[in-house]
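Protein chains: 2
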Amino acid sequence: MIRVTVVYEAQLLRAALVELLRSGGVEVVASMSHWPQGPASVTSAPDVYVADAECLAPSAAAPAPASVSASIVEGGSALLALIPAQRPGVLRRAHAAGATGFVDKNGSKERLLEAVHRVARGERFIDETLALGFLQAAEMPLTRRELSVLSLAANGAPVAEIAGALHLSKGTVRNYMASVIRKVGARNRVDAIRIAQGAGWT
Amino acid sequence: MIRVTVVYEAQLLRAALVELLRSGGVEVVASMSHWPQGPASVTSAPDVYVADAECLAPSAAAPAPASVSASIVEGGSALLALIPAQRPGVLRRAHAAGATGFVDKNGSKERLLEAVHRVARGERFIDETLALGFLQAAEMPLTRRELSVLSLAANGAPVAEIAGALHLSKGTVRNYMASVIRKVGARNRVDAIRIAQGAGWT
Chain E
1 MIRVTVVYEA QLLRAALVEL LRSGGVEVVA SMSHWPQGPA SVTSAPDVYV ADAECLAPSA
61 AAPAPASVSA SIVEGGSALL ALIPAQRPGV LRRAHAAGAT GFVDKNGSKE RLLEAVHRVA
121 RGERFIDETL ALGFLQAAEM PLTRRELSVL SLAANGAPVA EIAGALHLSK GTVRNYMASV
181 IRKVGARNRV DAIRIAQGAG WT
Chain R
1 MIRVTVVYEA QLLRAALVEL LRSGGVEVVA SMSHWPQGPA SVTSAPDVYV ADAECLAPSA
61 AAPAPASVSA SIVEGGSALL ALIPAQRPGV LRRAHAAGAT GFVDKNGSKE RLLEAVHRVA
121 RGERFIDETL ALGFLQAAEM PLTRRELSVL SLAANGAPVA EIAGALHLSK GTVRNYMASV
181 IRKVGARNRV DAIRIAQGAG WT
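As you go down the protein sequences, you meet chains E and R in turn. In this text, residue positions in the first sequence follow our numbering: the first is 1, and each later residue adds one. In this text, residue positions in the second sequence follow our numbering: the first is 1, and each later residue adds one.
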């Protein structure tokens with residue numbers, strides 16, 4: 001029987017996912033709200049982590065903790081990420097964290113169970129509804145520096161504070177913002193933040 | 001046995017909630033991604049709708065459809081809303097939609113099942129972890145007009161467009177924005193939008 005650990009922040013939905021997996025004949029050995037600190041001990045490592053992609057790396061500014069990759073590699077586990085619709089940035093970060101399975105949160109129970117079995121055998125699994133998202137993720141138009149500027153702006157920081165935090169001049173910060181607005185096709189700064197957050201880039 | 005209809009947008013989590021409720025001895029008679037159009041026929045009305053609060057009324061600009069209240073009243077059903085953490089605005093809209101049960105998405109399976117039984121008997125159920133949220137919801141600082149301005153700004157509309165949409169002068173729109181920034185304790189317009197969206201006001 002395949003041994004699974006569930007990682008999902010909201011307890012009620014985590015319990016519901018555990019119930020769903022068990023009803024499909026999977027053994028759930030653990031469930032947790034956040035990624036465990038440090039690598040899992042090899043004896044307790046599950047075959048598959050089923051994790052909310054939004055738990056893996058909440059933002060571009062906070063990439064997936066090294067413990068995610070460490071847990072997967074050291075424990076010989078596979079990582080299956082649950083992906084929300086229309087969030088190519090989240091997909092991108094799940095891929096960077098080492099996921100080999102990508103299941104649409106809007107998919108069926110049967111797809112999830114098929115994916116668990118496939119990644120446990122060492123295969124990849126990508127929901128067809130997410131395929132276009134990979135292309136959009138590959139086409140992410142912003143540079144790392146532009147993303148940093150945008151993330152700070154989205155948190156409400158004024159230009160002077162962004163400049164100070166990134167060791168840039170205020171003029172350079174304004175240039176980066178103008179570049180972001182142009183690249184994402186936004187009408188202004190607020191619109192650029194809305195578009196980038198909607199896609200999960202920040 | 002209590003008859004329940006589940007309303008939750010993401011199919012995988014909807015299926016998981018159905019499994020959770022069934023494992024707790026509740027009869028799930030239907031599940032759907034969005035609130036049904038028009039009132040449910042009385043013969044098919046469940047005892048309780050268990051609905052994601054974010055499905056009920058996605059934003060202040062799009063209040064709960066009349067069909068929510070109509071379904072509840074005509075079918076004699078109770079509405080139990082699943083509430084995300086730290087979103088007093090979502091709580092407020094669930095209350096406005098007629099919910100009598102409020103369950104924290106971060107609560108346990110046992111709490112959800114207790115809540116289902118309580119609202120089915122015509123009682124109220126409020127998770128204690130949500131109590132502070134009710135206070136914050138009651139203290140929502142923004143007027144309806146300020147919320148309209150903020151919602152349009154959050155969608156990326158420039159001042160002139162907001163003024164046109166709401167039949168106001170540009171100066172008045174700027175005054176409303178300044179008032180919003182002051183009331184929510186924000187540093188600037190972007191910060192005000194971030195705070196209001198975080199609380200679920202917009």
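Accuracy of the hints is not assured; some may be wrong.
[As the list claims (entries may be wrong)] A few chain E residues facing chain R, derived, Cβ under 7 Å:
| # | residue |
| --- | --- |
| 1 | Q11 |
| 2 | L12 |
| 3 | K105 |
| 4 | G156 |
| 5 | V159 |
| 6 | I181 |
[Said to hold, decoys possible] Stretches of chain E that chain R covers, calculated by requiring three or more beta carbons in the stretch to come under 8 Å of a beta carbon on chain R:
| # | stretch |
| --- | --- |
| 7 | 18 to 25 |
| 8 | 142 to 155 |
[Unchecked claim] Residues of chain R placed beyond 12 Å of chain E at every Cβ, according to the derived structure:
| # | residue |
| --- | --- |
| 9 | W35 |
| 10 | A45 |
| 11 | K109 |
| 12 | R174 |
| 13 | Q197 |
Hints are computed from structural coordinates only; laboratory data are not their basis. Values in this document were obtained by computation on a predicted structure and should not be read as measured data. Glycine included, C-beta positions come from ideal geometry on N, C-alpha and C.
Do the hints match the structure? See the list:
Hint status for Q11/E: holds, given a least beta-carbon distance of 5 Å to chain R, under 7 Å. A cut of 7 Å between beta carbons decides the hint on L12/E: the least distance to chain R is about 5 Å, and the hint holds. For K105/E, the suggested interface contact is upheld, since its CB lies about 4 Å from the closest CB of chain R, less than 7 Å. About 3 Å separates the beta-carbon of G156/E from the nearest beta-carbon of chain R, less than 7 Å, and the hint is met.
The beta carbon of V159/E is not positioned within 7 Å of any beta carbon in chain R (closest approach about 10 Å), and the interface hint is therefore violated. Look at I181/E: its Cβ only gets to about 10 Å from chain R, farther than 7 Å, so that hint breaks. Remark: the stretch 18 to 25 of chain E is confirmed as covered by chain R, as 3 of its residues place a Cβ nearer than 8 Å to a Cβ of that chain, reaching the required three. Residues of the stretch 142 to 155 of chain E with a Cβ under 8 Å from some Cβ of chain R number 3, which satisfies the need for three, so the listed coverage holds.
Once the 12 Å rule is applied to beta carbons, W35/R is consistent with being away from chain E; the minimum gap is 17 Å. Every beta carbon of chain E lies more than 12 Å from that of A45/R, the smallest distance being close to 24 Å; the non-interface claim holds. Remark: the non-interface label on K109/R conflicts with the geometry, its nearest Cβ contact in chain E lying 5 Å away (cut-off 12 Å). Here R174/R stays apart from chain E, with its beta-carbon at least about 14 Å from theirs, past the 12 Å limit.
Residue-level check failed: Q197/R sits 9 Å from the nearest beta carbon of chain E, not beyond 12 Å.
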